[in-house]
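With the hints as constraints, model all of the structure from the sequences given.
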Amino acid sequence: MIAPVLSVRNLVTEFDTRAGTVTAVDGVSLDVGPGEVLGIVGESGSGKTITGFSILGLIDKPGRIAGGEVLLNGQDLRTLPEAAMQKLRGDRIAMIFQDPMMTLNPVLRIDTQMVETIRAHRDVSPARARDMAAEALGLVGIPSPVERLRTYPHEMSGGMRQRVVIAIALMLEPDLIIADEPTTALDVTIQSQILSEMQRLLAARKTALIWITHDLTVVAGLAHRVAVMYAGRIVETGPVDDLLDRPAHPYTQGLISSIPSSVPRGERLVPIKGMTPSLISLPRGCAFAPRCPRASETCHNARPEAEDISEARSLRCFHPLEMAQ
Amino acid sequence: MTALLSLRALSQTYVSTPDLAERMANLAGAKYRELRVRAVNEVSFDVAEGEVVGLVGESGCGKSTLGRMVVGVETPSGGTLAWRGATLEEMTPEQRRQWELEVQMIFQDPFASLNPRMRVEQIIGEAPVVHGLIKRTERRDYVAELLGKVGLGADIMSRYPHQFSGGQRQRIGIARALALRPKLIVCDEAISALDVSIQAQVLNLFEDLRAEFGFAYLFISHDLGAVEHIADRVAIMYLGRLVEIGTADEVFENPRHPYTRALLAEAPRIDRRGQDFTPIEGEIPSPLDPPPGCAFHPRCARATQACKGAMPELRAGRDGRRTACILEHGEQP
Numbered sequence: 001m002i003a004p005v006l007s008v009r010n011l012v013t014e015f016d017t018r019a020g021t022v023t024a025v026d027g028v029s030l031d032v033g034p035g036e037v038l039g040i041v042g043e044s045g046s047g048k049t050i051t052g053f054s055i056l057g058l059i060d061k062p063g064r065i066a067g068g069e070v071l072l073n074g075q076d077l078r079t080l081p082e083a084a085m086q087k088l089r090g091d092r093i094a095m096i097f098q099d100p101m102m103t104l105n106p107v108l109r110i111d112t113q114m115v116e117t118i119r120a121h122r123d124v125s126p127a128r129a130r131d132m133a134a135e136a137l138g139l140v141g142i143p144s145p146v147e148r149l150r151t152y153p154h155e156m157s158g159g160m161r162q163r164v165v166i167a168i169a170l171m172l173e174p175d176l177i178i179a180d181e182p183t184t185a186l187d188v189t190i191q192s193q194i195l196s197e198m199q200r201l202l203a204a205r206k207t208a209l210i211w212i213t214h215d216l217t218v219v220a221g222l223a224h225r226v227a228v229m230y231a232g233r234i235v236e237t238g239p240v241d242d243l244l245d246r247p248a249h250p251y252t253q254g255l256i257s258s259i260p261s262s263v264p265r266g267e268r269l270v271p272i273k274g275m276t277p278s279l280i281s282l283p284r285g286c287a288f289a290p291r292c293p294r295a296s297e298t299c300h301n302a303r304p305e306a307e308d309i310s311e312a313r314s315l316r317c318f319h320p321l322e323m324a325q
Numbered sequence: 001m002t003a004l005l006s007l008r009a010l011s012q013t014y015v016s017t018p019d020l021a022e023r024m025a026n027l028a029g030a031k032y033r034e035l036r037v038r039a040v041n042e043v044s045f046d047v048a049e050g051e052v053v054g055l056v057g058e059s060g061c062g063k064s065t066l067g068r069m070v071v072g073v074e075t076p077s078g079g080t081l082a083w084r085g086a087t088l089e090e091m092t093p094e095q096r097r098q099w100e101l102e103v104q105m106i107f108q109d110p111f112a113s114l115n116p117r118m119r120v121e122q123i124i125g126e127a128p129v130v131h132g133l134i135k136r137t138e139r140r141d142y143v144a145e146l147l148g149k150v151g152l153g154a155d156i157m158s159r160y161p162h163q164f165s166g167g168q169r170q171r172i173g174i175a176r177a178l179a180l181r182p183k184l185i186v187c188d189e190a191i192s193a194l195d196v197s198i199q200a201q202v203l204n205l206f207e208d209l210r211a212e213f214g215f216a217y218l219f220i221s222h223d224l225g226a227v228e229h230i231a232d233r234v235a236i237m238y239l240g241r242l243v244e245i246g247t248a249d250e251v252f253e254n255p256r257h258p259y260t261r262a263l264l265a266e267a268p269r270i271d272r273r274g275q276d277f278t279p280i281e282g283e284i285p286s287p288l289d290p291p292p293g294c295a296f297h298p299r300c301a302r303a304t305q306a307c308k309g310a311m312p313e314l315r316a317g318r319d320g321r322r323t324a325c326i327l328e329h330g331e332q333p
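Here the protein sequences come in this chain order: V and H. If you're matching positions, the first sequence starts at 1 in this note's numbering and goes up one per residue. If you're matching positions, the second sequence starts at 1 in this note's numbering and goes up one per residue.
Since the hints were made in silico from the structure, they are not lab data. Here the structure is a predicted model, which means the values were calculated and not measured. By construction, the Cβ of each residue, glycine as well, lies at the ideal position given by its N, Cα and C atoms. Certain hints may be false.
To be verified - If you anchor each label on the Cβ, the simulated ranges turn out as follows:
id: 1; chain 1: H; residue 1: T87; chain 2: V; residue 2: R265; range: 56 to 62 Å
id: 2; chain 1: V; residue 1: T112; chain 2: H; residue 2: T75; range: 51 to 57 Å
id: 3; chain 1: V; residue 1: D16; chain 2: H; residue 2: Y160; range: 26 to 32 Å
id: 4; chain 1: V; residue 1: V124; chain 2: H; residue 2: E313; range: 45 to 51 Å
id: 5; chain 1: H; residue 1: G151; chain 2: V; residue 2: R265; range: 22 to 28 Å
id: 6; chain 1: V; residue 1: R200; chain 2: H; residue 2: R23; range: 31 to 37 Å
id: 7; chain 1: H; residue 1: A9; chain 2: V; residue 2: T112; range: 46 to 52 Å
id: 8; chain 1: H; residue 1: I134; chain 2: V; residue 2: R265; range: 33 to 39 Å
id: 9; chain 1: H; residue 1: A48; chain 2: V; residue 2: T112; range: 56 to 62 Å
Unchecked claim - One-sided excerpt, in silico: chain H residues whose CB lies under 8 Å from chain V:
id: 10; residue: P93
id: 11; residue: Q95
id: 12; residue: S197
id: 13; residue: G225
id: 14; residue: R269
Given below as structure tokens:
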């Protein structure tokens, strides 16, 4: 087996609040190989974004990473000093956010921002850095990249801005990209353009990608493997086809049957009842038990541990759905 | 039977005239012109009683402007809007009041559409009291009944909006619309801001309410999956114009307009794995400066010289489906 680019083991991230300590990420373990796309799916408050931030070491007070390992090519990022982490971010690991304006500085031209990033990580002349920046813009499908370099972010459409952000992320050929809902705010045709560019570039470069989203349909089209998060824990993980066709966790099943296109027209959807629990008052047992149609006494009292149910799949559930075959 | 709502060549043009400073600059030789945006451009369709019409389009296509005209928040700049056969101009004050009460709207953002200083009872119960549908003394019972209809308990009546989750707030917004006993509900991206599992709950609620009260919906959304699920008929908009309209089965199974085809081909679906995304090129043109002829031609793979010439009208093609594409009208080889 090829060594994974990123290997996360039992990651725990906590936040101190007035109401007590909240465990936003609770024992998350995952691996991403070169060229692989891992989709992390969850609803709001499931901890999917904080997982991404924790991998990058971007947790500020009152939060803290309370335990676990984050291995990038075998090196534990949690033991690295902050200065070394800073060198690593943007160079070996890049992050793409939902709102491109979170990444782009509104008062600086695109070229200033891109050249600055390149020169922070590579010892090249400003002229060479400009060339690299123009080339990166061209790669993500931005027409006339040299002219575009001289514009400000507000002069671009949302789709163009997101392309610039992706260009910046890809520019230094990182080993891993973490993308947090990067196409959620975009229109269908623009989303499709960006997904197509990402597919092409990642396959060519063997870059690992973690795609964090609430949208199972995008994951179905893009990812190789899927991890489903609920209340800070990964409840089920597996290859995309296997997991979506034969979900074992009742929550995964619920998410799938909530999608309007999952049932024939005119048939009723089968939504998950209730709503996501507050992390402050999580149930004692399985966090999904109060909403779960299969929950038993055990589920309300004990937390299921992650178990491998086949070579490629793992699951946290006492009463998994029967898997066909 | 006359249609509940009937739109004929309905248009909305926004005009921005040069301000004083710009007019002075023009005297010195600057070239500030009047800017016109045709946000909605000659849209015609009907909504029958109890019918769900899905209105689909990308940002800036004018679908929300159209929805706001239908509820009467904006006055159309051209064309006619008729409610129960009476146009805006012909309406008597009584008919106008009926239209205003019978068409209600549910908004996208459940956080911005509820007054944060009002209690739930007031939010839902204010309008029916003001309009004389119920007496003030009946308000508590009336609101309690409505809350039951949308799946909330009567005990939440004295709470404020900030005490609720997004899904619960959206239910309160739905109860507020129901309170006026409407006939048509305009849902402008009403489920887009909700989590997936909550979206499904609200979609089911829409269907239950329709079965119980016989509402018609104008369901405005960019989410093709949701529209396919709920709509009887689907209208596709692009840059202010309708490009295709037909029954949901027709449009989703056999889209005709190249834009509809592209939208459907690119929409991610749960059963589409390892999708090879082959997007249409380019971005939506600015409505300030729309391309000549068919607005979609710069992005259309099938565009011919003729497409750049004349704006295609929405009319029936060879098989009776209404599209705005000359290639479908059979005028081209």
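Right, here's what the structure says about each hint:
1. Between H:T87 and V:R265 the beta carbon distance is about 34 Å. The supplied range of 56 to 62 Å is therefore violated.
2. At roughly 46 Å, the beta carbons of V:T112 and H:T75 sit outside the given window of 51 to 57 Å.
3. Look at V:D16 against H:Y160: about 27 Å separates their beta carbons, and that is inside 26 to 32 Å.
4. Separated by about 57 Å at the C-beta atoms, V:V124 and H:E313 break the suggested range of 45 to 51 Å.
5. Between H:G151 and V:R265 the beta carbon distance is about 23 Å. The supplied range of 22 to 28 Å therefore holds.
6. Between V:R200 and H:R23 the Cβ separation comes to about 50 Å, which falls outside the hinted range of 31 to 37 Å.
7. A hinted range of 46 to 52 Å holds for the C-beta pair H:A9 and V:T112, which are about 49 Å apart.
8. Roughly 37 Å separates the CB atoms of H:I134 and V:R265, a value that falls within the hinted 33 to 39 Å.
9. In this structure, H:A48 and V:T112 meet the distance hint of 56 to 62 Å, their C-beta atoms being roughly 57 Å apart.
10. Checking H:P93 against chain V: minimum C-beta separation of about 41 Å lies over 8 Å; hint violated.
11. Of the supplied interface hints, the one on H:Q95 is violated, with its beta-carbon coming no nearer than about 35 Å to a beta-carbon of chain V, more than 8 Å.
12. Interface hint status for H:S197: upheld, as the beta-carbon distance to the closest one in chain V is roughly 4 Å, under 8 Å.
13. Taking 8 Å as the C-beta cut-off, the interface hint given for H:G225 holds, the closest approach to chain V being about 4 Å.
14. Interface restraint check for H:R269: the shortest CB-CB distance to chain V comes to about 5 Å, inside 8 Å, so the restraint holds.
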